[in-house]
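Chemist: What follows is each chain in one-letter form.
Protein chains: 2
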Amino acid sequence: MTPADLPGFFARREDLNAADFIELDYAFECYGDPRLAAAHLCSEQSTAQWHRVGIDEDYRPRFGAKVLDLQVEGRRPAPSYATGATTGAGAGEVSVCRVTIAHPHGNFGPRIPNLLSAVVGEGVFFVPGIPLIKLLDLRMPDGFLSAFPGPRFGIAGIRDLLGVHDRPIFFGVIKPNIGLPPEPFAELAYEGWLGGLDVAKDDEMLADAPWCPLAQRSAQLGAARRRAETVTGVTKCYMANVTDEVDRLIELHDLAVANGANMLLINALPVGLSAVRMLSRHTRVPLVGHFPMIAALSRLPGYGIHTRVITKLQRLAGLDAIVMPGFGGRMGMDEAEVLESVAACVDPMGGLAPSLPIPGGSDWAGTLEGVYRRVGSVDFGFIPGRGVFGHPMGPTGGAASLRQAWEAIAQGVSIDEYAQTHPELSAAIAAFGGRG
Amino acid sequence: MTPADLPGFFARREDLNAADFIELDYAFECYGDPRLAAAHLCSEQSTAQWHRVGIDEDYRPRFGAKVLDLQVEGRRPAPSYATGATTGAGAGEVSVCRVTIAHPHGNFGPRIPNLLSAVVGEGVFFVPGIPLIKLLDLRMPDGFLSAFPGPRFGIAGIRDLLGVHDRPIFFGVIKPNIGLPPEPFAELAYEGWLGGLDVAKDDEMLADAPWCPLAQRSAQLGAARRRAETVTGVTKCYMANVTDEVDRLIELHDLAVANGANMLLINALPVGLSAVRMLSRHTRVPLVGHFPMIAALSRLPGYGIHTRVITKLQRLAGLDAIVMPGFGGRMGMDEAEVLESVAACVDPMGGLAPSLPIPGGSDWAGTLEGVYRRVGSVDFGFIPGRGVFGHPMGPTGGAASLRQAWEAIAQGVSIDEYAQTHPELSAAIAAFGGRG
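Those protein sequences? They're chains A and B, same order as listed. For the first sequence, position 276 matches number 276 in our numbering, and the numbering has no gaps at all. For the second sequence, position 349 matches number 349 in our numbering, and the numbering has no gaps at all.
Treat the hints with caution; some may be incorrect.
[Said to hold, decoys possible] Short derived list, chain B residues pointing at chain A, Cβ under 8 Å:
{"no.": "1", "residue": "I112"}
{"no.": "2", "residue": "P113"}
{"no.": "3", "residue": "G123"}
{"no.": "4", "residue": "A209"}
{"no.": "5", "residue": "P213"}
{"no.": "6", "residue": "E245"}
{"no.": "7", "residue": "P270"}
{"no.": "8", "residue": "I305"}
{"no.": "9", "residue": "G390"}
Treat the hints as calculated values from the structure; they're not laboratory data. Glycine included, C-beta positions come from ideal geometry on N, C-alpha and C.
Assemble the whole structure, with the sequences as input and the hints as a guide.
Modeler: See below:
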C-alpha cells in the first residue's frame with residue numbers, strides 16, 4: 001500500500017448508501033501511522049489487490065471496506081498484551097485507536113460464516129502494523145437483517161408458551177449435571193417443577209451419552225413434565241440439550257420434541273452459529289443458546305470479539321433465549337458488559353424479535369433481586385443450578401425458594417424478613433448466603 | 001468445594017485406564033491455593049455437584065475430570081492481562097501454573113461440539129480463582145480417535161491426485177480476490193496453471209455472491225482447468241471456496257465438483273468444525289481448511305486456545321490440508337508455534353492420515369526457501385496470492401517464478417544467481433524483494 005492508495009479506503013458516511021454497508025467498530029493498537037493501519041484493516045478484510053496486472057481498473061469503490069471515522073485515543077510504550085511473536089510488523093510505541101468501518105455486505109451476502117470470515121477473519125487479525133484488535137460492535141442495515149428470520153418465539157413466544165407475563169422466567173439446571181440415568185434425572189426435574197420452576201433444563205455438558213441417552217431422557221422428562229403440569233395446573237418446560245454434530249441436530253430435535261421436550265438447548269459456538277440458524281428454521285419449540293467458547297474470544301478488553309457482538313449474532317441466528325455469563329463475582333464479568341449483552345438481546349434490531357436474556361452464574365434465591373434491579377425489567381430468565389438442586393430441602397424446596405424470593409421483591413419486602421415465614425427461603429439463605 | 005472434596009479431583013496416571021481419558025494441558029494464573037483452583041477446573045468441566053441432596057453417592061470416580069500433574073512455575077503481582085472485571089474471585093498476587101488433566105471422554109463421546117464444550121467451555125473459562133487460562137494441548141486416545149475417519153485424502157491423496165511426489169505443492173490465491181466475474185477470474189487461474197501452479201484457489205473471502213456465483217465460477221474454472229491440463233499435460237486443481245451456511249455445504253460441494261472443482265476450500269471455524277466433519281464424510285475431493293477466527297482464540301500466549309489444539313481438531317474433523325498463518329514477519333507468528341501447528345498436521349495421531357500443512361502469508365518466490373528449510377521437508381503447500389497474481393509479468397510469470405525458485409533450491413543455487421537466467425524470477429525479486 002502506497003500513500004496514494006490510502007484515499008480509496010476512506011469515505012464520508014454521507015457519500016455512501018447506508019443500506020449497502022455493515023458498520024463495524026474496532027479498537028486497535030498499531031505501530032506507525034494509524035491512517036495507514038486503518039487502510040490496511042479495510043484492504044485486508046475486503047480487497048487487498050484491487051486490479052489485475054496491466055489493467056486499469058479499481059474494485060475499491062464497490063468492494064472495498066472504508067474507514068468512516070478514526071480516533072487516536074493515545075499512545076503506549078508497547079502493546080497492552082505481549083503477543084509472543086518473535087518478529088512482527090513493528091516494535092516500540094503503539095497508538096491506541098478506535099475506528100468505524102463501512103463494509104459492503106454485498107461482498108458475501110446474508111450468510112453467517114461469510115460474515116464472520118469478513119469481520120473477524122484473517123483480514124482483521126493479521127493486519128500489517130496491528131498486533132492487537134477487538135471487534136467492539138457491528139450494526140447491520142435492515143435490508144441485510146431481513147434475510148434472517150431471527151428468533152421464532154422470542155420473549156413473547158416463551159411467555160405465551162408458559163402463560164407467564166409479569167415476572168422473570170425461572171429456569172433450573174438439573175444437578176448432578178452428568179452421571180444420572182434418565183429416571184432419577186427426571187425425578188429431580190419433577191420435584192423442581194412442583195416447587196415452582198418454569199423450566200427444568202439439561203446442563204450444557206449433558207450430551208446424548210450411552211449412560212443417559214436423549215431418547216430415554218426426553219421420554220422420561222416429557223412424561224414427568226406432563227405429570228407436573230397435571231399436578232400444578234400450569235405449563236412446564238423441559239429443555240433438552242441437543243448439542244451434537246450438526247448432521248444430528250434435526251434428528252435429535254425431532255426425537256426430543258416428539259418425546260415431550262418443549263424447549264431445546266444448544267451450545268451455539270461449539271456447533272457453530274450457522275448450525276443454530278439451520279436448527280432455528282426447523283424448530284417447533286423455543287431454542288436456547290448456551291455460551292461455551294465465547295469467553296475465550298471476549299474476555300480481554302483489548303483483543304478478540306466483544307460479547308455484545310456474539311450476542312447479536314446469536315439473536316441473528318435465531319436463538320429465542322440466550323444464556324450468558326451474568327452479574328456478580330462468580331463469573332468475573334464486568335457489569336456494563338453484561339448489560340450490553342442484555343441490551344443486544346432486546347434492543348431494536350431490524351424486524352428481529354427480542355431474545356430472552358438469561359444472565360447466570362451460581363445464582364440462588366438471594367441473587368434474584370440484584371439481577372432484577374440490574375436488568376431493570378422482568379424480561380429475563382433466572383437460571384440457578386445448585387441453588388435449586390443443591391438446596392438442603394431438595395429441588396422442590398430450592399424452586400420454592402426462588403418463587404418466595406420473587407414474592408418478597410414484588411411485595412417490597414426484604415428476603416430476610418420474608419424468610420421468617422418461608423422455610424425454603426430461610427434454608428436457602430442458610431445454605432447459600434455465604435456465597436456473596 | 002471444601003478441602004475434603006479436593007482428593008476426588010486428583011489421580012495418579014497409573015491408577016486410571018488411559019483409554020478412557022483425554023489428556024489436557026492448561027496454563028493458568030490463579031488467586032489463592034493452586035490445588036483448589038485446579039480442583040475447581042476439573043469440577044467445573046465435569047461434575048460440579050456430584051451427588052443428589054440426601055443421597056450418599058459420588059459421581060466423581062467415573063465422571064470427574066482429574067488432575068494428573070500440577071506445577072506452580074512462579075508468582076506474579078497481578079495477572080498477565082487485566083480482564084476488565086469489576087469484581088472477581090480474587091485480587092492481588094497470582095500463581096502461574098501448568099496442569100495436566102485427565103477428562104473422561106465417556107462423559108460426552110466422540111462428538112466435536114461436545115468435546116469443545118468440555119475442554120474450552122464454561123467449565124474452563126469460568127473457574128473460581130482462575131482469571132486467565134489457555135488450553136495448550138490435548139491428547140486423545142486411539143479408541144476415541146478411531147470414531148473419526150479423519151482426512152479422506154491427506155498428503156498422500158493430494159500427491160496422488162496431482163502426480164507430484166518430490167516437491168512442495170504450489171497453490172495460488174487468485175487475485176483480485178473479490179470483484180471479478182467468473183470469466184476473467186477463470187482466465188487468471190488458467191494463466192497461473194500454465195506458469196506452473198498446481199492449484200489455483202478462491203480466496204477465503206470469495207463466497208457464492210451474485211456477482212460471481214459459484215455455479216458459473218466453478219463451470220468456468222473447471223473448463224479452464226481442463227484446458228490447462230491439455231496444454232501442460234499434467235493434472236491441475238481448482239479449489240472452490242464453498243464456505244456458506246451449513247445446510248448449503250453438501251449442495252455447493254455437489255455443484256462445484258460436478259462443474260470441475262477438484263479441491264474445496266472451507267473456512268473451518270466460521271462454518272464450525274462439526275460442519276467440516278459432515279462435509280468431510282461426503283466429499284469426493286480434497287477438503288482444505290482456512291483459518292479465519294483462529295487468531296482471535298490463540299494469539300495471546302497466556303489466554304485462549306493454542307493453535308496446535310485447533311490444528312489437531314481440524315485434522316480430526318477431516319481436513320486434507322490446513323492453511324495456517326506462516327513464517328516471517330508478515331503474519332507476526334512465533335516461529336515455534338507455526339512449527340507446532342505443522343507437527344500437529346503430520347505427527348502420528350491414532351489412525352488418522354496426515355493433513356498437508358500450508359503455512360502462508362504474503363509469500364512469493366523469495367520466501368520459498370525459508371519455508372522449506374523451516375518445515376524441513378517437501379510435505380507442505382506454498383500459497384502466494386499477489387506473489388503470483390500481482391507479478392509484473394502476470395500470473396504465468398508469477399507461477400513460473402515459484403517453480404524457478406524451487407529449481408534453484410533443488411540445484412543448490414541461490415535464487416539471485418538463478419534469476420540471472422530466469423526473467424520471471426528476476427522480475428519477482430525486483431517486485432517483491434523489498435517485502436522481506
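Chemist: So, for every hint listed, does it hold in this structure?
Modeler: Checked hints:
1. I112: holds (7 Å)
2. P113: holds (4 Å)
3. G123: holds (7 Å)
4. A209: Holds: closest Cβ of chain A sits about 6 Å from A209 of chain B, inside 8 Å.
5. P213: violated (11 Å)
6. E245: holds (5 Å)
7. P270: Holds - the Cβ of P270 of chain B comes within 8 Å of chain A, reaching about 4 Å at its closest.
8. I305: holds (6 Å)
9. G390: At 5 Å from the nearest chain A Cβ, G390 of chain B passes the 8 Å test, so the hint holds.
Hint 5 alone, counting from the list given before, is not met by this structure.
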